[in-house]
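Engineer: Each chain, written out:
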Amino acid sequence: MTLLSPDFAEELKEFSDDSALACFNCGTCVAICPLIDAHFPRRMIRYVQIGARERILENATELWKCLHCGLCTQTCPREANPGEILLGLKRLIVNHWRKKA
Amino acid sequence: MYHPRDIIDTIAGNLRTTRNPFGIPHFLVNRWWRKANLPRRGDAMLFTGLMYQFIPYIETSTGYLAKYEESPLARYLRYARYAPGYLSGLGLAMITPSREKQNFDRILRDIVRILKASQVDLYYRPELDRYSGILLYDLGDQETFVAHARWLANRLKRAGVRKLITVDPHTTYALKELFPKYTGTSFDVHPYFELLRLNGHTIQRTVTLHDPCFYGRYLGLSDVPARALAGLGITCVEVDRSGAFTHCCGGPAESISPKLAGEVGRRRLAQLEATGAPIVAMCPICLANLRKLGADVQDLSSVMVQGI
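Chains as they are written, first to last, in the numbering used here: chain R, 76 to 176; chain F, 1134 to 1441.
All clues given are correct.
One side only, chain R facing chain F, incomplete, derived with CB under 7 Å:
| hint | residue |
| --- | --- |
| 1 | Pro109 |
| 2 | Thr136 |
| 3 | Trp139 |
| 4 | Leu142 |
| 5 | His143 |
| 6 | Cys144 |
| 7 | Gly145 |
| 8 | Gln149 |
| 9 | Lys165 |
| 10 | Arg166 |
| 11 | Val169 |
| 12 | Trp172 |
Calculated directly from the structure, the hints in this document are not laboratory data. In this text, all values refer to a predicted model and were calculated from it rather than measured experimentally. Here a beta-carbon is modelled for each residue, glycine too, at the ideal position from N, C-alpha and C.
Work the whole structure out from these sequences, hints included.
Structural biologist: Take a look at the structure:
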C-alpha cells in the first residue's frame, strides 16, 4: 500500500516548475530517452502526478541515471518539461537527505 | 551505480572549501596559459571554466570509479567526503599523467590561435578563470551551485569583466542562462566559434561533427560551428540524430555510473561511426567519453587550427 500526498505538487514547486499535470502518459519521453530503461522518466512523472511521495523517496537514486540531456523535453507533445521535473526531484531529494542528516 | 549522495557530498565539500570540485589547487590545474603569451586587457576575456583542464583528472578518478563500481568496496565512497579537499586534490594531481594534461592544455592554446587568426581582441586573467559549478547544478545540489555561482559572478563583476569568450557548452550554458537567473548578474557570453572569421578554404575534408546536448539542444547553436568549419572548406556529413535532436554521449553519467556512461556512449558512437568520416567533438566531456570507448575523436579546435 502506498500513502499518497495530495500536497506533493506544492512541495515540489519550491524546487522546480511543475508541468507534470500536462503529461497525458503518451510515452514519447520513454521512447526517446537514451537510457532505454523501462518507464524512465515517465514513471517518476506519474508518481508526481498522483502525489506518490513515498515511492519517489524509495526509488530516489534512480533519478541520477538521468543525463539531463533534454531529449524528453524537446519531444514532449504536451510541451511539458520532464527534464526540469526530474531535476527538481533531484533538488528535493538532496534537500531531504540534508535535512535528515 | 554509486550512491548519488556520496558523489554530491564529496564534490560539494571540495567546491565549498577549495572552489574546485576535485580539490586540486588552482595553480596546479590551470597552467595552459603560461606558454600562450596573452594580454591582461582587451575587449573580451577568455573564460575556460577549467573544463578542458579537468578532463585528465576526471579520467583518472572515473577510472577508479569504474574499477570498483560493482564491487563491495563501492560503499566506502561515503567516507570520501571526510577527506580534506586539498589533500585528496593533491593526491589526484600527482597520479594523473602529465602527458594527458599537456594534450588538453594544447587544445586551449589552439583555441587562442584560431581566435587570434580571426583578429579577436581577447585577454586572459588566470586568477579570474574559475569553475562555473555546473556539475552541481546537474546533480541537483542547487544550494551549493547558487552559492558558488554568486561568488564567481561577484568576482568577475568586481574585476570589471563584461564580455566573455567560452570554450565548452556546459560553462557557456551556466554563464549565459543560469548565472542571470540565479545570481542576477549577466555577462555578454560568446562561445569561441561564434567569433571566428576564418575563410581560407584551405582544408578540403569531410568530418562527422557530434553536437553536444547543450550546444545542439539547450542553446540551439549547432549551425554556428558547422559554418565556421565550412569557412575552412570542411564539410560536415549528416549524422543520425543531430542539432536539437542530438544524442547524449553518456559523459554526464560517468561520476554516478561509469557503466551507464559507457552504455549510452556506445549507442552514440555507433551513430557517429556509421558516417565513415572522422569524428569531431566540441565539448571536453563528449571528447573524453567517446575516446574512452576507443573512438579516434579530435577536438573542433584541433581541426580548425590546421587551416590557419
